[in-house]
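4 protein chains.
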Amino acid sequence: MFLTKVKSEGIAHISYILGDGDRAAVIDPRRDVHTYLEIAAKRGARITHIFETHRNEDYVIGSKDLAEHTGAEIHHGSALDFKYGSPVSEGDTFDFGDIRLSVLETAGHTFESISLVMTDKNYGDNPVGVFTGDALFVGDVGRTDFFPDRAREVAGLLYDSLFGKLLPLGDQTILYPAHGAGSVCGDSMASREFSTLGLERKNNPALQKTDRKDFINYKIAEKHYTPPYFKRMENYNLEGAPPLAEMPRPVPFNPDDVENAVESGAVLVDLRSPEAFAGAFIPGSLAIPIDMLPAYIGYLVDYNRDLILIPETREQVRTAVRYLIRLGYDRIPGYLEGGVHAWEVSGRRYDRIGTLHAKDLETRLKDDSASFTLLDVRKITEYESARLEGATHIFLGELKSRIDELDKDKPVVTFCGSGARAVIAASILKKHGFRQVEDNLGSMAACSSIGCHIQKG
Amino acid sequence: MFLTKVKSEGIAHISYILGDGDRAAVIDPRRDVHTYLEIAAKRGARITHIFETHRNEDYVIGSKDLAEHTGAEIHHGSALDFKYGSPVSEGDTFDFGDIRLSVLETAGHTFESISLVMTDKNYGDNPVGVFTGDALFVGDVGRTDFFPDRAREVAGLLYDSLFGKLLPLGDQTILYPAHGAGSVCGDSMASREFSTLGLERKNNPALQKTDRKDFINYKIAEKHYTPPYFKRMENYNLEGAPPLAEMPRPVPFNPDDVENAVESGAVLVDLRSPEAFAGAFIPGSLAIPIDMLPAYIGYLVDYNRDLILIPETREQVRTAVRYLIRLGYDRIPGYLEGGVHAWEVSGRRYDRIGTLHAKDLETRLKDDSASFTLLDVRKITEYESARLEGATHIFLGELKSRIDELDKDKPVVTFCGSGARAVIAASILKKHGFRQVEDNLGSMAACSSIGCHIQKG
Amino acid sequence: MFLTKVKSEGIAHISYILGDGDRAAVIDPRRDVHTYLEIAAKRGARITHIFETHRNEDYVIGSKDLAEHTGAEIHHGSALDFKYGSPVSEGDTFDFGDIRLSVLETAGHTFESISLVMTDKNYGDNPVGVFTGDALFVGDVGRTDFFPDRAREVAGLLYDSLFGKLLPLGDQTILYPAHGAGSVCGDSMASREFSTLGLERKNNPALQKTDRKDFINYKIAEKHYTPPYFKRMENYNLEGAPPLAEMPRPVPFNPDDVENAVESGAVLVDLRSPEAFAGAFIPGSLAIPIDMLPAYIGYLVDYNRDLILIPETREQVRTAVRYLIRLGYDRIPGYLEGGVHAWEVSGRRYDRIGTLHAKDLETRLKDDSASFTLLDVRKITEYESARLEGATHIFLGELKSRIDELDKDKPVVTFCGSGARAVIAASILKKHGFRQVEDNLGSMAACSSIGCHIQKG
Amino acid sequence: MFLTKVKSEGIAHISYILGDGDRAAVIDPRRDVHTYLEIAAKRGARITHIFETHRNEDYVIGSKDLAEHTGAEIHHGSALDFKYGSPVSEGDTFDFGDIRLSVLETAGHTFESISLVMTDKNYGDNPVGVFTGDALFVGDVGRTDFFPDRAREVAGLLYDSLFGKLLPLGDQTILYPAHGAGSVCGDSMASREFSTLGLERKNNPALQKTDRKDFINYKIAEKHYTPPYFKRMENYNLEGAPPLAEMPRPVPFNPDDVENAVESGAVLVDLRSPEAFAGAFIPGSLAIPIDMLPAYIGYLVDYNRDLILIPETREQVRTAVRYLIRLGYDRIPGYLEGGVHAWEVSGRRYDRIGTLHAKDLETRLKDDSASFTLLDVRKITEYESARLEGATHIFLGELKSRIDELDKDKPVVTFCGSGARAVIAASILKKHGFRQVEDNLGSMAACSSIGCHIQKG
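Residue numbers (this note's numbering), protein chains in the order written: chain W, 1 to 457; chain U, 1 to 457; chain L, 1 to 457; chain X, 1 to 457.
Just so you know, these hints were derived from the structure itself, not from any lab. Built from N, CA and C at the ideal position, the CB exists for glycine as well. It cannot be assumed that every hint is accurate.
What the hints assert, rightly or not - Only pairs whose alpha carbons sit at most 30 Å apart, straight line, appear in this in silico DSS-like list of lysine-lysine:
hint, chain 1, residue 1, chain 2, residue 2
1, U, LYS359, L, LYS431
2, L, LYS202, X, LYS209
3, X, LYS165, L, LYS121
4, U, LYS121, U, LYS7
5, X, LYS359, W, LYS431
6, X, LYS7, L, LYS5
7, U, LYS400, U, LYS379
8, L, LYS202, U, LYS42
9, U, LYS213, U, LYS456
Unchecked claim - Which residues of chain X face chain L? A few of them, derived with a C-beta cut under 8 Å, are:
hint, residue
10, MET1
11, VAL117
12, ASP120
13, LYS121
14, ASN122
15, TYR123
16, GLY124
17, ILE174
18, GLY198
19, LEU199
20, LYS202
21, THR210
22, CYS452
23, HIS453
Stated by the list, open to error - Ranges of calculated distance between the beta carbons of each label pair, as one might list FRET restraints:
hint, chain 1, residue 1, chain 2, residue 2, range
24, W, ASP98, L, GLY451, 56 to 62 Å
25, X, ARG318, U, PRO87, 33 to 39 Å
26, W, ASP98, L, LYS410, 48 to 54 Å
Construct the entire structure; sequences and hints are all you get.
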């Protein structure tokens, strides 16, 4: 009997492959499905069933690719009319050796959301674990903001699923959610990735709202962002994403190739660190440090443009491709071989971003705050809980569309949690013609460390 | 926050490395410690503490090797006078970022056994998990047969630890035991490796004995074998095993080298499958199919002899070395390069083991059971629960010392669960001069499949 | 500048990827092309050209698959009308950074054979190396037996290519042939894989025939076998093999699945060692020890049947699949999970092969050679150079079609170089109803070792 | 028969392991010897002999470590009194299966230098290859500047070795040198790593000096740098380096740890790219982009100081450790976990390096060259062949000792081949109190690309 967690870094997505004897199932597969095939092969098992806990909105589901490789059947909840696979309903069961999976309809996050309850046939009827999809996480519960005109209804549905169906499975039930900390599907997930229903019942903040109305109000009050790429993911995952026969393999570009690509409309995505981007960058390129790629590319780049990567190393290209295809970005024809260094030695112009230390920022704010814009690009929830006085807040994901709110002729200092999102913002400002842009490397973290005056609450 | 299970196949031992931020702990490290160093390095953490849940008797603990590499402190229970490390007592706590480990004294399996309770500082006081060593497993509880003259006392201690200390941690607590199915430390462990205290409370057979006296009687009635190598393990783990600076690297031997080694007292251990051994083997060699190596080498070979391996592939040599050093067998100077094939082409004599199909065995038993010995080498518990009529039972681990009970001049058919232990027995008989030896490939499993007459209970 | 040899074990095929800066070429790619993509990616180069030295007859060329992945152009000699790619002629040159490849038409092995001469633009005009395909090997030259009615003509062409074109490149030229020892494309290749034209000129036996007529006679006198699968390879490689989008992934079969497959016409291919097969095998299965698979499957199994693998380990399945697809065997739906052991525990019948030691064989030959058939299945060249008196010779590749020459009711002892081909022969005899079959494990090698009487020359 | 090149990137050192059957030899092993053990194990061979072509001065030889693991004998030339191993002399031969290695005394680079001539016993007496150590490279010959007072003598010795011993082996001989392009042991090595004596005879520039006196004058005129660390290497390699039982494992440091280490005398080595360093760096740290580490650490850091690494990624730490131990730098207690980002969020001060585009540099040189120092830190040979007018030349390796030649109060623009060595120089200037320092990213390469005015010859 085996159960392996397959974690997709970046989108903090967790899928599962489990099996017993020579049969296995996969729950919420990602698009690069070879991992599941490898695990199954090592175990001597064949994947016969694929379950989708719900129509995922934050990444491309790999069910169809995986089914293609294995002949497995795809199942999802019956409350949505998927264009592929077959629906399952409360109480349906599937056996994999001694493992039994039973369907529990747990609407709320979406209407068709299901959970899968796992029992061990040798070990009585008490659930061993439950795969909750986006209904319940470690430290958080699912978002209920996707149907704004039915907001109270769906929050109520989630309450019913959590308190009426999931928690009654018993404290002993191990929790297997579809996301961990860092996901756009919840702000409060714990960095710990293992938990049980009992532990959540006792400590998950949302589950302390045991009164239905309280719970609904609690959920209604939450503030979430919805990246524009969610729309495409929803379509893909409803209709079946185009097959990813094979990972895109961006080829080495030289500076000439890069210039040609840009002329044809490609976007240059610079994957390097904030410091490296600040040190030298290709004019017009968009900074997205590689760890930020999964969370922000969907806000910043359209699907109908080629992406040319500007990496620190070739290994980074490989990682970026994996991140990108999971979000449906498959047009990645090339990368700049040799990175910015190759650009420099070609004699082409490069640009820089200024930096400003937290101490100096504080001084400048005190002495002459009107002379510059302090642009805070964090989420509104972060901003509301703690901020520097005098900051202008525009969430990074909205900066492009709201850029006219800023005075182009005034110096700008970009600010975020620690300086990474700030460099993305800085690169956007540069692309839009702002000339004096500085990144406050360290940002709020540095400010806290040195005891700047911070407004809270 | 991370927690990684490191499983040592063969001995079915499970150790753990866990950490948060840049600090990590290891619980019950095995002797080949590089895995822990790799995991810690990947996480950007340093290992500062090593915990031993008890003086392990079934493998060499790697604490001293790991401490050497890391400078970490070693801790174990205070009820035994270890020659290294420092003792800890009930209530001692150790913090690794947001993880807190608290010591619980859980005597029973041994007197100094401790468990380590894990809480998450961000998530209240309810335990997240507990590392129970050999006190509690998935589906079983610890053996209490190591102190035969204090048998009831230790069984009672285990009862107190389980019902008085562990179960009260709460159903939500995830169970992290030191062994999984296949270990010599318990017969009834589940093949499922994940569980919670709640699930065990409800379904673990031993934990259904909620009355103290019932529980003691239940434990007293168990039958266990104690391999002779346990003695050495106990000494090693009390005094600190000799450091394993580096894996032994057996060099390629040719048939001449092998013969010379045998003359100098080396044992030939043939790692190949029962079928291959039956097909052709080097006279005098001991069959131990590689998967059987961890469970049976300790019964069959003394520590003071060199081991020469007869492998199917070079990869098998590597696996065997890993298995052997975990049990303290470090004298492995060579292996036969080219395997039995090299022996054959050298023109040397090889021998064979006969085989007998279950159907034919049944017929022969019916027709003429007196004409041969049917030797069942399974554990007494297996034998008692189901056996063929007329079988002679000698547990494989005792065959060498009880071999005189068998008639050398009578044909012998060796028998076990499926034919693997039977080939080990066959090779021992061959070494001791039995001439007519057949392995019932398939053994009890085949007998069940074809519906032989089986005596039960 | 880089040049990497990619060796395909089994068929002893050698392909090459070479490049400089960001451009690379591949010569004679195999069908599993990911290796080339990986190497190119690591080097930061893109593969722009693929060269085929000739229409290979012993494996499926991967040019089309590789071109699909990379957009590279495919080139081959102009003397054959390939259905894909574009022809090149003597003197055509291709540059990859500082590397220049020039085409040399070197007919003989086939009419369209080309060689590629490599020069380094920074290092004068003297060739650095030459890719000779099947024209010249280390220790041997190409076969010239594919056009039997034009035998002298093609041998003469090869002479002209070798002495008129290749050797004149100069002693300093490094030799990069398309095959190494073990290939069916030549019997006399050296086990050393690195050489130069100078070294070959001085020591290659065939190149000592400096007189054209002598050379032709020497070639004409050679004896080669042509496996039936060559026909399919030639068609594939002329018209373009079906794309191998992905490695076949045989799924785990249980004994029931295996029986069903056999009923539907599948062939069971047992990959285990001769000893293991001799110990126990599934009746009706064909023994081909994994190392023999590439050399003999093409003689023994038709393309229009499914192959079910009987492995020793799961890793062996993976290796076998790689071997098989290179020869165009893509129908591999499953393998027996658990191997022969699974068969045994299911209670099904298994069979055995007897074994006979060389010493006993000698005795039996002396005492009663008429009572049994000693079947030598080696190549005719091996047989002619050294054999046991009284042996019947049928080459293994012809055994199936000539089986009626043998007396089914007489015991047979199979014999080869060391016992591996003998077990294949034994399994074929068993399939054809021979009942008394013994494998002389060790065979000629053992006979030599113990000083049997051997007839030579 | 096998021969595998083991290349140590960075120092561009090439070692070899070769063998036949179950015996193998290693030539000039590096200090991290596990690679050889792995290769030998995969081949089923044991390493019985280790050869040192000469007392290497540019890295720590791993002979003693490897001998410790294998029991192999170590051999070197007899003209130097090594404190370990045993001397060999012209004509000594060693057999490894069919491979024969014969010693050729080829003094010149050093007095005790030997070459090893390889023949294949099955293939006549013509050498197959020769391992030339530092006597002959692809495109260059060994340095002869280590004995300045006997300069002509040693150059003459090298002439005799090359023309009297090596070239006479024949054009067909494959060349296996101890270094490739990028090594400090020769400036003119080709980027191509494969060659033959014939090719070198015809094209190697040094070998065109066929007159002994010409050759000596040619060698005498060469200009080489000798890094200070060579002294330690020579001692190590004469007396036997301290064993490297195990790779150093730097542990994660936080900013506090880093500050403490610096106070105790540690050096901070920043491994990141020039751009990242220019963007933000820890005051007082020394920039050595990781690819520059092997070539320059030996000039810049004493052996008696701890090194704390400032990496871009954890993988970089691992690479750096490998580079460092090969040069004998074993004191690497820690690295800054989280890199410069961790430093920033701690609120600590960071510094920056300015950058100057080649075009702007040209303008500034034209308009006001007196206002700043243009510091060219390339090798004297590079400088002499092409330079910007007005540049001050100080070789990077000598910058620390000659820093007083520069005016601290004048702005400095650092300059090299492409901007990497320039950032090292910039960091040194910053450490020494220069305040206005700019790196000309792109440097000479960019200047050439855009057509700056360059002085040549």
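Tested hints:
1. LYS359/U x LYS431/L: Since the Cα atoms of LYS359/U and LYS431/L sit roughly 22 Å apart, the hinted pair holds (cutoff 30 Å).
2. LYS202/L x LYS209/X: holds (28 Å)
3. LYS165/X x LYS121/L: Satisfied, since the Cα-Cα distance of roughly 28 Å is no more than 30 Å.
4. LYS121/U x LYS7/U: Distance of about 27 Å is within 30 Å: holds.
5. LYS359/X x LYS431/W: Status holds; Cα separation ~22 Å.
6. LYS7/X x LYS5/L: Holds, at about 16 Å.
7. LYS400/U x LYS379/U: holds (15 Å)
8. LYS202/L x LYS42/U: Since the Cα atoms of LYS202/L and LYS42/U sit roughly 54 Å apart, the hinted pair is violated (cutoff 30 Å).
9. LYS213/U x LYS456/U: holds (28 Å)
10. MET1: OK, holds: MET1/X within 8 Å of chain L, min 5 Å.
11. VAL117: violated (13 Å)
12. ASP120: holds (5 Å)
13. LYS121: Not OK, violated: LYS121/X not within 8 Å of chain L, min 10 Å.
14. ASN122: Check passed: Cβ of ASN122/X comes within 7 Å of chain L, closer than 8 Å.
15. TYR123: holds (5 Å)
16. GLY124: GLY124/X check passes; min Cβ-Cβ to chain L is 5 Å, inside 8 Å.
17. ILE174: Cβ of ILE174/X sits 6 Å from chain L, so the hint holds.
18. GLY198: The hint holds - GLY198/X has a Cβ within 8 Å of chain L, the shortest such distance being about 2 Å.
19. LEU199: Where the cut-off is 8 Å and the nearest Cβ of chain L is about 4 Å from LEU199/X, the hint holds.
20. LYS202: Constraint on LYS202/X satisfied, holds at 5 Å.
21. THR210: violated (16 Å)
22. CYS452: Violated. Min distance 24 Å.
23. HIS453: It is violated, given that the least Cβ distance between HIS453/X and chain L is near 27 Å, above 8 Å.
24. ASP98/W x GLY451/L: 56 to 62 Å: Given a distance of about 59 Å, which is inside 56 to 62 Å, the answer is holds.
25. ARG318/X x PRO87/U: 33 to 39 Å: Taking Cβ atoms as reference, ARG318/X and PRO87/U lie about 36 Å apart, which means the hint holds.
26. ASP98/W x LYS410/L: 48 to 54 Å: holds (52 Å)
The earlier numbered hints that this structure contradicts are 8, 11, 13, 21, 22 and 23.
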